[in-house]
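Participant: Spelled out from the first residue to the last, the chains are:
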Amino acid sequence: MTNRIKELRARENLTQLDLAKLVDVRRETIVFLEKGKYNPSLKLAYDISKIFKSKIEEVFIFDNE
Amino acid sequence: MKKNRKLLLIIVFLTMGVVLGYIIINNGTKMFQGLNLLIFALIIIGGVIAFITAFKRDKEEKEGLTTDDELSTLIKYKSGYYAYMASMYMWLFIFLLKDKFPDTETMLGGGILVSALLAFISKFIVKQKLND
Chain Y
10 MTNRIKELRA
20 RENLTQLDLA
30 KLVDVRRETI
40 VFLEKGKYNP
50 SLKLAYDISK
60 IFKSKIEEVF
70 IFDNE
Chain Z
53 MKKNRKLLLI
63 IVFLTMGVVL
73 GYIIINNGTK
83 MFQGLNLLIF
93 ALIIIGGVIA
103 FITAFKRDKE
113 EKEGLTTDDE
123 LSTLIKYKSG
133 YYAYMASMYM
143 WLFIFLLKDK
153 FPDTETMLGG
163 GILVSALLAF
173 ISKFIVKQKL
183 ND
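In the order they appear, the protein sequences are chains Y and Z.
One rule links them: number in our numbering = place in the first sequence (from 1) + 9.
One rule links them: number in our numbering = place in the second sequence (from 1) + 52.
Just so you know, these hints were derived from the structure itself, not from any lab.
In this text, all values refer to a predicted model and were calculated from it rather than measured experimentally.
Treat the hints loosely; a few may be bogus.
Which chain Y residues stay away from chain Z? Per the calculated CB distances, all over 10 Å, these [stated by the list, open to error]: (1) M10; (2) R18; (3) L23; (4) V34; (5) F41; (6) K62; (7) S63; (8) I65; (9) E66; (10) E67; (11) F69.
The calculated label-pair distances, taken between Cβ atoms and stated as ranges, are [claimed, not checked]: (12) Y/T11 with Z/K181: 16 to 26 Å; (13) Y/S50 with Z/K179: 10 to 20 Å; (14) Y/S50 with Z/I97: 32 to 42 Å; (15) Y/K62 with Z/K179: 30 to 40 Å; (16) Y/K15 with Z/K179: 47 to 57 Å.
Reference listing, derived: stretches of chain Z covered by chain Y, where coverage requires no fewer than 3 residues with Cβ under 8 Å from a Cβ of chain Y [what the hints assert, rightly or not]: (17) 121-135; (18) 164-176.
Where is the CB? At the ideal position from N, CA and C, for every residue including glycine.
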């Protein structure tokens, strides 16, 4: 699974710390998410998508491989 | 810093201080030689790391960040499992080699210390694996 968090975060002018505060996670979690090293729970994916006013599938891109 | 964490830290450091004081009063500095010195050094390093971690978390809390989230919980569960499995094998070997230890206290104390080290190492490994 890949994601567009970094791109959307830059568009919204948010730092990793800001996003972490908004979705109530540690900054480290945002770092791992952006690197694609961690797949979030459905709740976290939903919360992040809500911040960017987008659908989950617009932020997180699922690939079958 | 949450009140209960602050209280826990104070209790841990007071206990460490009292135990250290008791040892020094009864044995002088004789205790701090050879293998004992290594054991005390490891305990103190562990204490310092715990203290630094607590203050780092305190700083994060002041910044308005949560100290526990789904990733940190996952890391805790995974590293806990690895540390538990490794500790089981370690205790098995300790009991197999029990004749090599000078006394039971050294054997149990060493085992507990190595268990703590295994917990620390497994957390480090889990974090590294996540980074790969």
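Participant: Hint by hint, note whether the structure agrees.
Facilitator: Do the hints match the structure? See the list:
1. No Cβ of chain Z comes within 10 Å of the Cβ of Y/M10; the nearest lies about 15 Å off, and the non-interface call holds.
2. No beta-carbon of chain Z comes within 10 Å of the beta-carbon of Y/R18; the shortest separation is about 16 Å.
3. Separation of Y/L23 from chain Z is adequate, the least Cβ-Cβ distance of about 14 Å exceeding the 10 Å criterion.
4. A beta-carbon of chain Z is positioned within 10 Å of the beta-carbon of Y/V34; the least distance is around 4 Å.
5. With a least CB separation of 6 Å from chain Z, Y/F41 falls inside the 10 Å interface cut-off, contrary to its annotation.
6. Interface exclusion of Y/K62 from chain Z stands, the closest Cβ pair being 22 Å apart, more than 10 Å.
7. Every CB of chain Z is more than 10 Å from the CB of Y/S63 (nearest about 21 Å), matching its label as outside the interface.
8. The Cβ of Y/I65 lies farther than 10 Å from every Cβ of chain Z, with a closest approach of about 16 Å, so its non-interface assignment holds.
9. Once the 10 Å rule is applied to beta carbons, Y/E66 is consistent with being away from chain Z; the minimum gap is 20 Å.
10. With a minimum CB-CB distance of about 22 Å to chain Z, Y/E67 clears the 10 Å threshold, and the non-interface call stands.
11. Every Cβ of chain Z is farther than 10 Å from the Cβ of Y/F69; the closest lies at roughly 15 Å, confirming the non-interface assignment.
12. One distance hint, 16 to 26 Å for the beta-carbon pair Y/T11 and Z/K181, holds here, with the actual separation near 20 Å.
13. Judged by the Cβ atoms, the range 10 to 20 Å given for Y/S50 and Z/K179 holds: they are separated by roughly 19 Å.
14. As the Cβ distance of Y/S50 to Z/I97 is approximately 35 Å, the hint placing it in 32 to 42 Å holds.
15. At about 33 Å, the CB distance of Y/K62 to Z/K179 agrees with the hint of 30 to 40 Å.
16. In this structure the supplied range 47 to 57 Å is violated for Y/K15 paired with Z/K179, their Cβ-Cβ distance being about 21 Å.
17. Only residues whose C-beta sits within less than 8 Å of a C-beta in chain Y count toward coverage, and the segment 121-135 of chain Z has 4 of them, enough to reach three; the restraint holds.
18. For the segment 164-176 of chain Z, the assignment as covered by chain Y is violated, since 0 residues bring a beta-carbon within under 8 Å of that chain's beta-carbons and 3 are needed.
Violated hints, listed in ascending order, are 4, 5, 16, 18; each of the other numbered hints is respected by the structure.
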